[in-house]
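Q: Guided by the hints, dock chain B onto chain A, whose structure is given.
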Amino acid sequence: MAKRLIKALRKLWQAIRQLSGDDGYERYLAQHDARPNVPALSRKAWFAQQQHQKWSGIKRCC
Amino acid sequence: MKTNLPSFLIWLCVALLGAAAVGGIALNRGEAVNALWFISAALCVYAIAYRFYAAWIAATVLCIDATRATPAERLNNGRDFMPTNRWVVFGHHFAAIAGPGPLIGPTLAAQFGYLPGTLWILVGAVLGGCVQDMVTLFFSMRRDGRSLGQMARDELGSIGGSAALIATFLIMVILIAVLGLVVVNAMKHSPWATSTVAATIPIAMLVGLYMYKLRPGRVLEGSALGVILLLLAVAGGGWIDQQAGLRELFDHPGLPLAFAIIGYGFAAAILPVWLLLAPRDYLSTFMKLGTMILLALAIIWLRPEIKMPALTQFVDGSGPIFGGKLFPFVFITIACGAISGFHALIASGTTPKLLANERDIPMIGYGGMALESFVAIMAMIAATVLDPGVYFAINSPAGVVGQTAAEAVATISAWGFPVSVEQMNLLARQMGETTLFARTGGAPSLAVGMASIFGSAFGTHLLALWYHFAIMFEALFILTTLDAGTRVGRFMLQDLLGNVWKPMGRTSWYPSVLFSSAVVVSAWGYFLYIGVIDPNGGVNILWPLFGISNQILAAIALCVATGILVKSGKLRYAWITALPLAWLIVITSTATWQKISSDDPRIGFLAAAHSLSDKLAAGVLPPDKAAVAPQLIFNMQLDAVLALFFAALLWLIVIDMLRVCARHLRGRPVPPLSEAPHHVTQLEEAWQRD
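Order-wise, the sequence lines are chains A and B. Counted the way my numbering counts, the first sequence spans residues 243 to 304. Counted the way my numbering counts, the second sequence spans residues 32 to 721.
Since the hints were derived computationally from the structure, they do not count as laboratory data. None of these values were measured; they are calculated from a predicted model. Don't take each hint at face value.
With a cut-off of at most 35 Å between alpha-carbon atoms, the simulated DSBU-like pairs for lysine-lysine come out as follows [to be verified]: (1) B:K244 <-> A:K249; (2) A:K286 <-> B:K533; (3) B:K244 <-> A:K253; (4) B:K244 <-> A:K296.
Here chain A stands alone, though its shape is the one from the complex:
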């Protein structure tokens, strides 16, 4: 019972992290493994690039 609860909570936490983009860098690295010939960005550089990209277009509405 407790195990199942912990599992469910962990799943919820993962969902929250994914929805908020908190795990974005981990996902970037995981995806990056597929292209080993390009060096991966540092966490900071990745975040900067992502923020810049996110706010270059229409991202918020009325």
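A: For chain B alone, kept in the frame of chain A given last:
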């Protein structure tokens, strides 16, 4: 669609409950209606529309193909193109489309009574707004995530493309001005609200530094820190309000606050995004979702009674909050929540680049808009659970009901909505304000409504805290829209100026950044300034103008979609977009016509200009009003020109779309469909799901 008996019975029950709820709301006269009926009606209508209409559009009209590779898969670059879990896309899409619009529009439209706005929110969303969002998302996805403007250019021609671009820029200017005005009206002479809203700026910067410098990319940690600080700022504002020396620092009339917002907007547009805009957006998104869920739970738990009548006498056009008859102005006032053209900009561009499978389109496009429509229903509930007298006292400008409290309550009570000075004073004290009279713009009345709902759920001694929490929450994402909108306006202007002189087009060249930001901020700053000095509150003018421009943008999106449907040989299904388009053409053309030609100075811009210049010439205006009258007269004339321009833009693109369709049907050459070629998906998930 598979049908079996249990599912048939369930859907029959949903249909019966929905019909009973809508019927109950619509036919009820005299007796109090419970807010739960609104919630039931809304949920049943969305469920049925989603299950049947959206599914039918997806399967029969758009022919969604789950085996077709999406641009996210084909062009995956790990940045903007990336197959993403559909719930995550839904979250991002909803956070992007739902801003302050669905909260403000229904609050203002409640002056007609609860019924017209509610019906329009439901019908407009399921037949108009949701369809617009869904088909735009689909067409953009089939075109590698191209923007609405690009699609208009590719599918209809350069006229359509330019019209979409100009409409987007203008709507942005009007939108930011009216949102700025809403915040100014909420902060006017309120040290608590002003200090809390001011505190959100350093808090956002602190969170920005945390997420960018201290712990890069730790979005949840930074946001949690920010949310705690924001709640402390709400409580701290109450403390500041009690301190004799401090409260004066934050006690200002409208004009200095408007200049502060203008200065802030300029700073936000030129500062790096990570410092202010991005962290503010994280905070506002969390606050928005949290507060919306809390409000929905509180309404379901408390089941408050609606106190506003179904219809008020103001359907005749004499309403105090904005002038104009029920038709067409209820459809203009409630844009976001029913149909909002701005969504087409989000549904083309960002969201389509994230879709892992075409099958996710109904959920994200149609479902996302249905959820926003639900937010609008909650705003309608929050406005109509207030005593109507209190609602009108808060939302009516002093120029309409009278300058003093005694005059205002006398006018409002004479309309048949009893309210007393003592009642308003008590309410203001409970909410921690000196006065709630003439706090136009919808935010304060929504905050009072939310505070009274939360207050009865969690104890009335916290009313003042809830009120200022609601103000802070609204201001937080209004300012996010203001920052983001100014920046987008800047990019569009730089893009345009780049055609004239190359260096101006470089988005990172500082002189160009400063110049174009200053132009955009001055444009909305001008309308904000006029809105603040206008004795009728400014919302009266700006909100209808915003509604018209937003609906015209929607009409442009529907024109593009209708054109594509006809060109794809789906003439027999083109009504799914042509029908809402026809309705938008009727309401925006009527509204524009009335705004220009009406003899009533509360409706017609030119009539208002004439009436004011006559008064000025006759010398009957008091000196302070006479001083600003020439600016107001000029502004009314400018607004008339702007309204005319919007209408011309709309008709231009409608005629262009009809021309392209007619040519296609007669077998003449038209711009070819720009759909990307078909590739079979390699993502295993597409084959496994369901």
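Q: For each hint, tell me whether it holds in the structure or not.
A: Against the structure, the hints come out as follows:
no. : hint              : result
1   : B:K244 <-> A:K249 : 33 Å, holds
2   : A:K286 <-> B:K533 : 32 Å, holds
3   : B:K244 <-> A:K253 : 29 Å, holds
4   : B:K244 <-> A:K296 : 18 Å, holds
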